[in-house]
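Undergrad: For reference, the chains in residue letters:
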Amino acid sequence: MATSEVVQERIQISLAAGSLSEERIAYLERLVSQARSAAAVFTQFTQEDVDRIVKAMALAGLDQAQHLARLAVEETKLGVMEDKVIKNMVATEFVYNYIKDKRTVGVIREFPERNLVEVAEPIGVIFSITPITNPTSTVLFKCIMAIKTRNAVIFSPHPNAWRCCSEAVKIMYETALKHGAPEGVFACLESHTLLDNAYLMRHKDVGLIDATGGPGAVKAAYSSGKPALGVGPGNTPVYLEKTADVNTAVTDIILSKTFDNGTICASEQTAVIDDEIYDFVLKEFAELGAHICNEKETRLLARTVIDPETGFMQPMAVGQKAADIARLAGLSVKPGTKLLIAPIHGVGREHPLSVEKLFPVLAVYRAKSVDEALRVCVDVNHAGGLGHTAVIFSRDDEVIRRFGELMNAGRILVNSPGSVGAVGGVYNDLAPTFSFGCGTGGGNSTTDNVNIYHYLNIKRVARRTQAHMWFRVPNQIYFNLNAVENVRQFPSLSTIIITNPALEKFGHVDIVRRYIPEGTHVHVSVIPDAEPEIKVVMQGVEALNFYKADQIIALGGGSVIDASKIMKLKYESPDADLEELAAPFLDLRKRVVQYPTEKTNRARLIAISTTSGTGSEVTPFAVLTDKARGRKVTLADYSLTPDVAIVDPQFVMSMPKGLTADTGIDCLTHALEAAVSSYASAYTDCNAMQAIRMAFKYLPIAYENPRDEEARLMMHNAACIAAMAFANASVGVNHALAHAFGARFGVAHGRANALMLPHVIAYNASVPTKFLPSPYQKGYIAHKKYATIADLLGLGGHTIDEKVKNLVVATEQLLDQLAFPRSIAELGISKEEFERVMPELTKLAFDDPSWRSNPRMPLMSELAELFWKAYHGRGPAKVAGANEQRTSLQQSA
Amino acid sequence: MIAVWVKIDEGRVVQALQEAGEKLDNVEGEAALDFSSVRRIDPVALSALEVFVDIADDKGVKVLLRGVNVGVYKVLKLVKLASRFSFVS
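Protein chains in written order, with this note's numbering: chain Z, 1 to 893; chain L, 1001 to 1089.
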């Protein structure tokens, strides 16, 4: 390695001095130009065109396999001719078999379920460095891959393998041309120099460098600034675990280590053998033709084949026969000795034979335990073999699993030979290759067996997906007068009624009790009429545990029902961490935190609403007050949705006017926001639109005449219907503003909503400054939906703008009719104070998750602007004609 | 003004371009090459086209390619020749 790196440094220096002659540069430019033209022309070829050429090339390679193998051995003086024939055949036949049915032109793969299509784009010109150890097979392999992927290649073979490689390129090129490939598709550097490599590696028209060879070449490729496949050396450990089939293991290792005299870099370098089988394994090796070195022989061998200065193998030993190496080392071995086995006692510089040895010398290590064996394998892996290959022979799945986890190797081969196994397609289903990606451990960009897909730019055509949507509400919803009677159909041994003091006083609890089946133990838990605190919730959970409740009846407004939802959650899943469950999220279904599914208790939740606004009886939301930290925690998950909702107007007949107005506007805001939400669907639209119609018509009546049963019934149903819409489509920026403002100034939620509502409609109906990404909607349609609502309400208008304006006016008139304050200023909040808190308000509103489904993404400045509009309210002129329009509205609705 | 108009047949692109090149002497204005019958272009034709546009440039003649299919157009882009022509459908 050190030598190669020195050479690379020299190249850089020479380049800096402009060492290449003008003639040489012109020659290299010509090669690139021809390759570039060929690659460009190649883009016009079809799959059938390239498949025809590839088949012819594979046949030509097979035909010339012996010729090329002989040339390679003659020129390089490395390896075994017969094995090189096999390599050439694998590089053609096996590679062809692997790629023949694979698409590499146009659409190569389709994933209809993901709306994805992969399309191939050739790289163009590839500059390829090929090694001395597998010269012709690597060229054959790369030529076939290049044609299959419509690329042109300029080859730079190892200088000592130039003749055989250029012959291989010639055979491939002539065959390809004969079958229609473009001229110039392959070229082989003549009288190659390392300077040429450096020049081509940096050439602007070279798209990819594919460097198979020593670490110097690989490093130079990666240092060039070009995309590169650099595939370098290894140091393969092989672990013979005590359960291994020893005969198979020994045979495979000899086969692998002697194949082409060990020149494949994936071949085994150090065998780590369990103590229990060590002697038997060595005996088997000896019986099958290996020579087991003694201590002295091992020292002699190490001195001969390992460079004492660099610690790396001596080049003269690479690819030589075992007997020849033994002779060089002065060892006396039997004729026909296949492999030299050298026992070592550790890994590292003090144990020279523990490094990569591309010749038939195998180090062996006796391990006293599995842990020791694995540790030594890790040492070998880290001694120059990171990312390459590791081998294990074992029948113990657990040991195999541990080995796989510990080895940093692109190929971890089980019960098969390293060299032939790593090549792929013979002993396993790995892609046949002559380039082993070694991942980042080996300074490479891939751990794969390099194959056709590394010679392609794979483009992905991603069609817009139709996002899955949902509509989730309680399993059972009972509505209209006396719907509470349905409580009787739910059997229970122990029921807890959660309610507030006022409802208990009004006798509402007694009404409910009347319908609970006889024999049920009933306990009433009265909680304060305020947003639930953690303390209150936990007291409720204690009661549920004490009475072993199997049913919870939440009788009340949003606070009671929200508290009951959280009690149920904590009762069923005591380990649920409310803090964690309240973590922010963008998409309910992709949230980081998942609600518990394992339950230690189970209780049915029946929600009976006693206000006509929040709709909590059908929603998956619950708000909790954390007084200790002075904040609210919003929980959202469909598992919080009550099992049964009862919408019975008898419980709202006594609602005071103010509460009727506040909750009624909350209902209308839910419906209006759900209608224009980016999560809106046909399923939510029908609910939202109906709720809007009902609210516009019946809210003023319920407000003016609280005893009007029809109006009460309609508003109670409207609240539930609106909630079904926003439970699935969510709300919008109106709620974000109202939450922030209401929390900061202690203003009731409905009232806070009312202050924002007309301004938010106008804001959402205007062209957004920023669009909010949403896979659920196509295009910006909020203004059209408002216009549809205006049409539904019979508000008139010819254009969308007119209709939106009419909707704003109608909303303002409704608010007037309900005697809402029409500006924040009217609440007695000074301009100075409002200005002072504005940064905090906008921050709170922006942090609020409600706007995530708003049709336009609010900027902080826009939130502030909306707050100021609400502060000032509308101008006095805008109320003109309100009464007339109100009358017309009620008639049409 | 179009001074030279040549229809290019796929079977004889190189010869057609050579003939068109000869017509560029003493010409003013534009040379139009009709590629509508050329489905594919090969490296030799590509070289001939480059030679033709070199000659045209020397003589100050603009070269207009008509009916170039998108596959051939992409080839011209890849070899960075496209910018030397005007294209009409």
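These are computed hints drawn from the structure, not numbers from a lab.
This structure is a prediction, so every number in the text was calculated from the model and none was measured.
A few of these clues could be false.
Derived pair list, reagent style EDC-like, types lysine to aspartate or glutamate, alpha-carbon separation capped at 20 Å [unchecked claim]:
#1 K1074/L to E579/Z
#2 K1077/L to E29/Z
#3 K1062/L to D1042/L
#4 K1074/L to E121/Z
#5 K1080/L to D205/Z
#6 K843/Z to E832/Z
#7 K632/Z to D685/Z
#8 K1074/L to E862/Z
#9 K843/Z to D816/Z
#10 K1077/L to E121/Z
#11 K1080/L to E579/Z
#12 K1074/L to E183/Z
#13 K1080/L to E29/Z
#14 K1080/L to E183/Z
#15 K178/Z to D1042/L
#16 K1077/L to E862/Z
#17 K590/Z to E572/Z
#18 K1077/L to E183/Z
Undergrad: Can you confirm whether the C-alpha distance between K1074/L and E121/Z stays at or below 20 Å?
TA: 12 Å, holds
Undergrad: Taken at face value, is the distance from the CA of E572/Z to the CA of K590/Z at most 20 Å?
TA: Distance ~23 Å between K590/Z and E572/Z Cα, so the pair is violated.
Undergrad: Taken at face value, is the distance from the CA of D1042/L to the CA of K178/Z at most 20 Å?
TA: Within the cut-off at roughly 14 Å; holds.
Undergrad: Holds or violated: are the alpha carbons of K1080/L and E579/Z at most 20 Å from each other?
TA: With a Cα-Cα distance of about 60 Å, the restraint between K1080/L and E579/Z is violated, given a limit of 20 Å.
Undergrad: K843/Z and E832/Z: Cα distance at most 20 Å?
TA: 18 Å, holds
Undergrad: Against the 20 Å threshold, does the CA-CA distance of K632/Z and D685/Z hold or violate the hint?
TA: Violated - the C-alpha atoms of D685/Z and K632/Z are around 29 Å apart, more than 20 Å.
Undergrad: Is K1077/L close enough to E29/Z, meaning Cα to Cα at most 20 Å?
TA: The hint holds at about 19 Å.
Undergrad: Is K843/Z close enough to D816/Z, meaning Cα to Cα at most 20 Å?
TA: 30 Å, violated
Undergrad: Just to be careful, I want the Cα atoms of K1080/L and E183/Z compared with a cutoff of 20 Å; is the pair within it?
TA: 18 Å, holds
Undergrad: Would you mind confirming whether the straight-line C-alpha gap from K1074/L to E579/Z stays at or under 20 Å?
TA: Violated: K1074/L and E579/Z sit about 58 Å apart, past 20 Å.
Undergrad: Take the C-alpha atoms of K1074/L and E862/Z, compute the straight-line distance between them, and say whether it is at most 20 Å.
TA: This hinted pair is violated, its Cα atoms lying about 47 Å apart.
Undergrad: Assess, step by step, whether the Cα of K1077/L is no farther than 20 Å from the Cα of E121/Z, and give holds or violated.
TA: Given pair K1077/L, E121/Z holds - Cα atoms ~14 Å apart, limit 20 Å.
The earlier numbered hints that this structure contradicts are 1, 3, 7, 8, 9, 11, 16, 17.
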